[in-house]
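Trainee: So the protein lines, in turn, are chains A and B. Residues in the first sequence are numbered consecutively from 1, following our numbering. Residues in the second sequence are numbered consecutively from 347, following our numbering.
Warning: the hint list may mix true and false statements.
What the hints assert, rightly or not - Taking CB as the label site, the calculated pair distances span:
(1) Leu666/B x Leu108/A: 25 to 35 Å
(2) Gly470/B x Gly171/A: 46 to 56 Å
(3) Asn223/A x Asp573/B: 20 to 30 Å
(4) Ser382/B x Phe97/A: 54 to 64 Å
(5) Leu489/B x Asn233/A: 45 to 55 Å
(6) Thr11/A x Gln572/B: 31 to 41 Å
(7) Thr11/A x Asn436/B: 47 to 57 Å
(8) Leu489/B x Gly113/A: 32 to 42 Å
Unchecked claim - Listed next, the stretches of chain B that the computed footprint assigns to chain A, with coverage defined by at least 3 CB atoms under 8 Å from CB atoms of chain A:
(9) 469-475
(10) 489-496
(11) 674-681
(12) 684-693
For the record, the hints were derived by calculation from the structure and aren't laboratory data. We put the beta carbon where it would ideally sit given N, CA and C, even for glycine.
Below are the chains, spelled out letter by letter.
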Amino acid sequence: MKYLDRIVEKTGWPRLIIGLFLFSLFIAAPFAQVKIGTSLSDTLIRFGMNGIMVLALVPMIHSGCGLNFGLPLGIIAGLLGATITIELGATGAASLFIAILAATPFALVFGWGYGNLLNRVKGNEMMIATYVGFSSVAFMCMMWLLLPYSSPTMVWGYEGVGLRTTISVEGFYLHALSNFLAVRIGTFFLPTGMLLFMGFVCFLVWAFLHTKTGTAMTAVGSNPVFARASGVNIDRMRTISVILSTWLGAVGIIVYQQSFGFIQLYMGPFYMAFPAVAAILIGGASVNKASIMNVLIGAFLFQGILTMTPSVMNSIIQMDMSEVIRIIVSNGMILYALTRVKKGAH
Amino acid sequence: MLKNDKDNVIKFLETNLVPILFVIIIAFALPLSGFSVRYLFNEIIVRLVRNLFLVLALLLPIMAGMGLNFGMVLGAMAGEIGLIFITDWNITGLHGMFLAMILSIPLSILLGWMCGKILNRAKGREMVTSYILGFFMNGVYQLVVLYGMGSVIPIASDSIVLSRGYGIRNAVNLTGIRQSLDKLLPLKIGTTLIPVATFALIAVLCVFIIWFRRTKLGQDMRAIGQDMAVAEASGIDVARTRIISIIISTVLAGFGMVIYLQNIGTMNTYNSHEQVGMFSIAALLVGGASVNRAKIGNAILGVVLFHLMFVISPMAGKNLIGQAQLGEYFRVFVSYGVISISLVLYAIRKQRDKARAGIALADAQEVRD
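Given only the sequences and the hints, what does the whole structure look like? Please build it.
Mentor: In structure tokens, the structure reads:
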């Protein structure tokens, strides 16, 4: 019994409930005539689509900036990169890398500014990050209308000005990664390239966190006083982590687009931070601690629930409650993490 | 003397940056929009009637140092549930409106108590926590209203239930109570109709807030807002007082929502409360309030300035570049931008005060050596 108590204490009730919920969904699936092959490959595809955006949260948690609710800022950098690539007329699989390259300068500049802002508001990062994300999305809504884009695949056909709300990436980088070395067995589809790319980026972040800079960054997050005493420039480390987070957000959305097939502008990125945050927390991260493992487990569990709930629920009780369950699960998880911050974390 | 004046000017600019910015925006956009003064005056009266009560509901938690109560959407949900029931029971007029308010009270108290409990576990990050709590409860609200009502909770009226047999429709028609309070004591000035009864109710709330500040409980809240540790040391039950401030705010938000919706006349079952939270908070900040300081005057000025901007910006955008859409995006941007600027200014000020206090402490210790 004591052993069981310890497991519960360590994993936390919400995580345990969510894990059991997903487990029971998989058990119930065959009885509900849901094809395991399709469900599993859907889960894997969504895992690969969202993985890098979840990974984008890691650097800022490490440096003590908390959960990056300002992820939409990085996503905007990615959207700028994507639209510029299409505007320039780059096509084929290579355009994916051009998009990432084009997004990089924006991510660096945005991240630098955002990082400097967060350095001035230590202790209030999360609330301000949320609103930085919201304001930047709202600001870009105006810019998408005003910026001088002219590619006919992107602007409104009727007036010839202003970008469309959704832009297809077909002919550009649609499935550029997903179809690379892809495996198809019946209804099962494995997007090998996308998963490999995600693994590669995860490895890069893992390696970075083990360099001298990466270790210093972690030190800033776990004990700022100690870090300053050992000669680490706290503000600089935090800024680097925010820039990295923002850039990963930009890469993340481009990978998402190549699988999803569309660039979503305007209010599209508005709420994108919340599922990513929920995923990493479900994976076992907390407001001030996260690992690559948390990212992988969390993204898989969360996307698994999102994929399985509608199909299983629908066939068992004939009610599609998946949207409500998504809202309650993701926000419940964030709420739990926010109320579990240990004293003296700041 | 001269230096002192300069300091005062800087301080004035610093505390009133947001309202000043707003006045400038409006000064630019007003002539562009081409609206008549009479129309705008009319609009402002309508907006004050609709929103002022809700904005005033935010004041108490700010006094208790808990920041902007994003959890006010919980109260708004309670108000909406009250309205769903009176619509179902077909109780119309003023009776219906007040019954909806009364029905919302127990629900608001329960939700407020829960919110207060949770916020006590997240001291120092009340705002982001109450914000996420709003999202979370929105999920629970949907679960209850979209799936529970008509299946578990009996709803008799077919007009508000979805055709599938359970769940409330997207839009609920409130014709029964529409403007029942506003039309109770109408006063006509020129072409403008001033709903005296609603303003009287708002005035009662203002008097309540002023009176409450002077009670023992109000004083305790202010002490907690000043310094939680000192308040705790002087024997104030901090946790309990904070919960009470949130409960009162939630109950008031529930009333405010009923007043808001009786003016509009239709209820957007699944969206109304979310928008109300953001607009109320933005309006209060536009009026010059900050995270730790808000007065009744801030609320009134804020509602006038914020909604004036809201009314004129689509037209101004259309006349300026030929796209009304741009003006609409602009006002969304301004709503979020205002909250961002206020939060950042507050955080910077707090950090500077902390640094100053540290230097003062160091100085004091220096002298002793």
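Trainee: Hint by hint, say whether it matches the structure.
Mentor: Now for the hints, and whether the structure bears them out:
The hint said 25 to 35 Å for the Cβ distance between Leu666/B and Leu108/A, and at roughly 33 Å that hint holds. Between Gly470/B and Gly171/A the beta carbon distance is about 51 Å. The supplied range of 46 to 56 Å therefore holds. At about 26 Å, the CB distance of Asn223/A to Asp573/B agrees with the hint of 20 to 30 Å. A beta carbon spacing of about 56 Å between Ser382/B and Phe97/A agrees with the range 54 to 64 Å that was offered as a hint.
Take Leu489/B and Asn233/A: their Cβ atoms lie about 48 Å apart, and the range 45 to 55 Å holds. For the pair Thr11/A and Gln572/B, the supplied restraint of 31 to 41 Å holds, since their beta-carbon distance comes to about 40 Å. At about 50 Å, the CB distance of Thr11/A to Asn436/B agrees with the hint of 47 to 57 Å. Distance hint for Leu489/B and Gly113/A: a CB-CB separation of about 40 Å, consistent with the stated range 32 to 42 Å.
Remark: the stretch 469-475 of chain B is confirmed as covered by chain A, as 5 of its residues place a Cβ nearer than 8 Å to a Cβ of that chain, reaching the required three. Proximity of the stretch 489-496 of chain B to chain A, defined as three or more residues with a beta carbon under 8 Å from a beta carbon of that chain, is established by the 3 residues found. Counting residues of the stretch 674-681 of chain B whose beta carbon lies closer than 8 Å to any beta carbon of chain A gives 5, which reaches the threshold of three, so the coverage claim holds. Counting residues of the stretch 684-693 of chain B whose beta carbon lies closer than 8 Å to any beta carbon of chain A gives 6, which reaches the threshold of three, so the coverage claim holds.
Checked against the numbered hints given earlier, the structure satisfies every one of them.
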